[in-house]
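Participant: These are the residues of each chain, in order.
2 protein chains.
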Amino acid sequence: MQIPSQYLEAAVDQIASLPGIGRRSALRLALDLLKRSELEIQDFVTAIAALQDKVLRCTNCGNLSDVPVCHVCSNPKRDTSLICIVEDIRDVMAIEATASYQGTYHVLGGLIAPMDGVGPQDLLIPRLLERLETQEVKELILALSPTMEGDTTNYYLFKKLKPYDVLITRISRGIAVGSELQYADELTLGRSLQQRQVFDLSE
Amino acid sequence: MQIPSQYLEAAVDQIASLPGIGRRSALRLALDLLKRSELEIQDFVTAIAALQDKVLRCTNCGNLSDVPVCHVCSNPKRDTSLICIVEDIRDVMAIEATASYQGTYHVLGGLIAPMDGVGPQDLLIPRLLERLETQEVKELILALSPTMEGDTTNYYLFKKLKPYDVLITRISRGIAVGSELQYADELTLGRSLQQRQVFDLSE
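Note that the protein sequences, when read in sequence, are chains H and G. What the first sequence shows, in my numbering, is residues 9 to 211, in sequence order. What the second sequence shows, in my numbering, is residues 9 to 211, in sequence order.
Hints are computed from structural coordinates only; laboratory data are not their basis. All figures in this text were calculated on a predicted structure; none of them were measured in a lab. Check before you lean on any hint, since a few could be wrong.
Put simply, identical chains are the same to the list, so a pair is met inside one copy or across any two.
Here are the simulated DSSO-like pairs of lysine-lysine, each with C-alpha atoms no more than 30 Å apart in a straight line [claimed, not checked]:
no., residue 1, residue 2
1, K62, K43
2, K168, K43
3, K146, K167
4, K43, K167
Take the sequences, apply the hints, and build the full model.
Facilitator: As structure tokens, this is what we get:
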């Protein structure tokens, strides 16, 4: 379809460059923006532009933050001997939302994915090794997604981290709480049988 | 979920204000923008800001345009005695894509929807009446969606336009080309029987 304004078309092109937004959706969003007042557009544009200048990555763990050291790393109540390794800040947010973890994080910023051209050098691994050398770390928890990329990254990290005197664990995999057994995929169900745990009434 | 940066949160809020984008999608989009270079963000922001200043509405028909009179109204090959009344510029784009219409348009900018607080005064109706008074118009085609709002607007326009010496038609409704009869809804199938047309080999 031919867009009757080159400026509208440019905006649609930009919006359609976002992941998961097609041209038709982008046009709908651009037309919504077009209806807004000058002030509203200015607020929108300012908020997007601020991402570049104002949002920092924590110098310790790679989490996003408005200050050089994030609110987890700077919290004296957190257990700094425990580091949970995650792909992305969304994983930090998801784990924080469980309110059941009191350690710190290390945000890799991706997973090893040779097909997408992402190698270990693209991830925040040197800083993780630095933390192991300079901070007193007892346990590293690998909390990556149980996908091929996650498993590849787990394997790479395990080999890289083995020389250090630190316990390496990974989050448990199995049937999701609240889901029905008969709908679980075969691999998950098979693994959850193999990795069965002693029944414990306190859970 | 708690977003660890107020600037990121502000961007997420703005993106989530777009129609059909939830907070989780908005976060995904904001994180994608966060990964971009300064130049890329600048291009994005400039394109959005330009919507406000650069995209005009055609002074004749309400279509979007970069110049005061849109490319349809300023095209001497178009039949100005024929006006197709549509809700939105996306309808203009859809009809133009059929390459089977050589008249002009009138873009209302919405449909009468009392439930959403949209009344006739919010639509580009005065300009339509002005066109009927000052231009030589033979036929008005109502090409609004066959929804409750579309039908309400058709009815309102029909009453408003009747005093003028002009043929008022509406686009045909019926079974979509290529679709299977058994899956058509009852109302559409019923109407397409009532409004049956003489069979014509030339179609």
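Participant: Each hint needs a verdict: does it hold in this structure or not?
Facilitator: Going through the hints against the structure:
1. K62 - K43: Both: 28 Å inside a chain and 13 Å across chains, each within 30 Å.
2. K168 - K43: Close across copies (27 Å), not inside one copy (54 Å); limit 30 Å.
3. K146 - K167: within (17 Å within a copy, 80 Å between copies)
4. K43 - K167: Classified as between: cross-chain Cα gap 29 Å, same-chain 55 Å, threshold 30 Å.
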